[in-house]
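J.: Here's the letter readout for the chains.
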Amino acid sequence: MHLVLFLIFAGLCLAGAINLLLQSHPINSALSLVVVMISLAVLYLLLGAEFLAAAQIIVYSGAIMVLFVFVVMLLNAGREERTLGSKVAKTLGFPAVVAVMGVLATIILHLQGMGTVAINQGLIPTEELSRVLFHELLLPFEITSILILIAILGAVALARQEGSERRLTK
Amino acid sequence: MNFAQDVPLTWYLLLSAALFSLGIMGFLIKRNLITVFMSIELMLNAVNLSFVTFAHQWHMVKGQIFVFFVMMVAAAEAAVGLAIIIAVFRARATLAVDRIDLMKL
Chain Z
1 MHLVLFLIFA GLCLAGAINL LLQSHPINSA LSLVVVMISL AVLYLLLGAE FLAAAQIIVY
61 SGAIMVLFVF VVMLLNAGRE ERTLGSKVAK TLGFPAVVAV MGVLATIILH LQGMGTVAIN
121 QGLIPTEELS RVLFHELLLP FEITSILILI AILGAVALAR QEGSERRLTK
Chain E
1001 MNFAQDVPLT WYLLLSAALF SLGIMGFLIK RNLITVFMSI ELMLNAVNLS FVTFAHQWHM
1061 VKGQIFVFFV MMVAAAEAAV GLAIIIAVFR ARATLAVDRI DLMKL
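Chains as they are written, first to last, in my numbering: chain Z, 1 to 170; chain E, 1001 to 1105.
Source of the hints: derived by calculation from the structure; they are not laboratory data. Ideal Cβ placement from N, Cα and C applies to all residues, glycine included. It cannot be assumed that every hint is accurate.
To be verified - One side of the interface only, derived from the structure: several residues of chain E facing chain Z at Cβ under 7 Å:
id	residue
1	Met1025
2	Ile1040
3	Leu1044
4	Ala1079
Chain E with its partners taken away, still in its complex shape:
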């Protein structure tokens, strides 16, 4: 194996797709409200990776700036989401998503 060779950008995209799928998987199988939220962060990170890859491919600065905006929105989302989790915990005294099913059919 020649270790000096370049890495194809498709490998980065495949890694991004794998991380995104693992995020969806975590969203489905995790039973704790906080870890479900962490899976959402994982999916956001996976999308950021493909943004950076395409920014490198087309030599565009704006792709990287989009990632910057996604990071800002993720920070705002994390703050509000965790505040909602605290409010839910105060009202229901549980973090298990199976017990928080008031709006479920």
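Just chain Z, same shape as in the assembly:
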């Protein structure tokens, strides 16, 4: 059962990622990214991370992708022109990507002592997670909230129209 679920959702993940590269319209890329993120949420659930699966759907495929689709529609982004990148990307980039993939794959295949995962095994309950998060890691958690606040202020300051405050004061 686990194997079947893994194969289905890993396949969906890879298909979505490849489709993201092949599509030329940003909306289609955004929707295939949603497919990738939802399949990743199922994979997290298979690995026993139930809280992260929920957070993945709410934060990534909910909030962040809505932001992306909103910006695509706001800016009326059309079809991209295919130039297939610069010469540097072609001559250096693609061999580098293949090299990175090869090195990662060889390292992973030579890892010692990696176990297996079965369904319903090694589930980490949300209770245990929250106990660690709110006892040992309370300070980083609070600092994250400050980071989010600063990011909101920065986003508002960057996206504001030039001279809009002048119009407001008049």
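Chain Z is already provided as a structure; the job is to place chain E on it using the hints.
T.: Same frame as chain Z, now just chain E:
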């Protein structure tokens, strides 16, 4: 093929590596500022998957909490990055990365 068998954790790591490489590939070949940004999100997701895999391997809760923090930082990054994209579009009226080359050598 025995469908009741367990899945080795290395398969999850290989999937994560493949997703990361596809993210780099997208970063190189996409010509639209928004899709380049989406490729970065894809790479962040790939790294999150390997964090969760290792958290499962060593039975550590902190690996999952790290993924939670990565998600928060990704949300902040998406908000600021998309605001920057809006500002760039307002100044240059284009989203093609080939046209936004003021700082290029």
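J.: All hints are to be evaluated individually against the structure, with a verdict given for each.
T.: Hints versus structure:
1. Met1025: holds (5 Å)
2. Ile1040: Violated, because the Cβ-Cβ distance from E:Ile1040 to chain Z comes to roughly 11 Å (cut-off 7 Å).
3. Leu1044: Since the shortest Cβ distance to chain Z is 9 Å, the answer is violated.
4. Ala1079: Holds - the Cβ of E:Ala1079 comes within 7 Å of chain Z, reaching about 4 Å at its closest.
Of the numbered hints listed earlier, those contradicted by the structure are 2 and 3.
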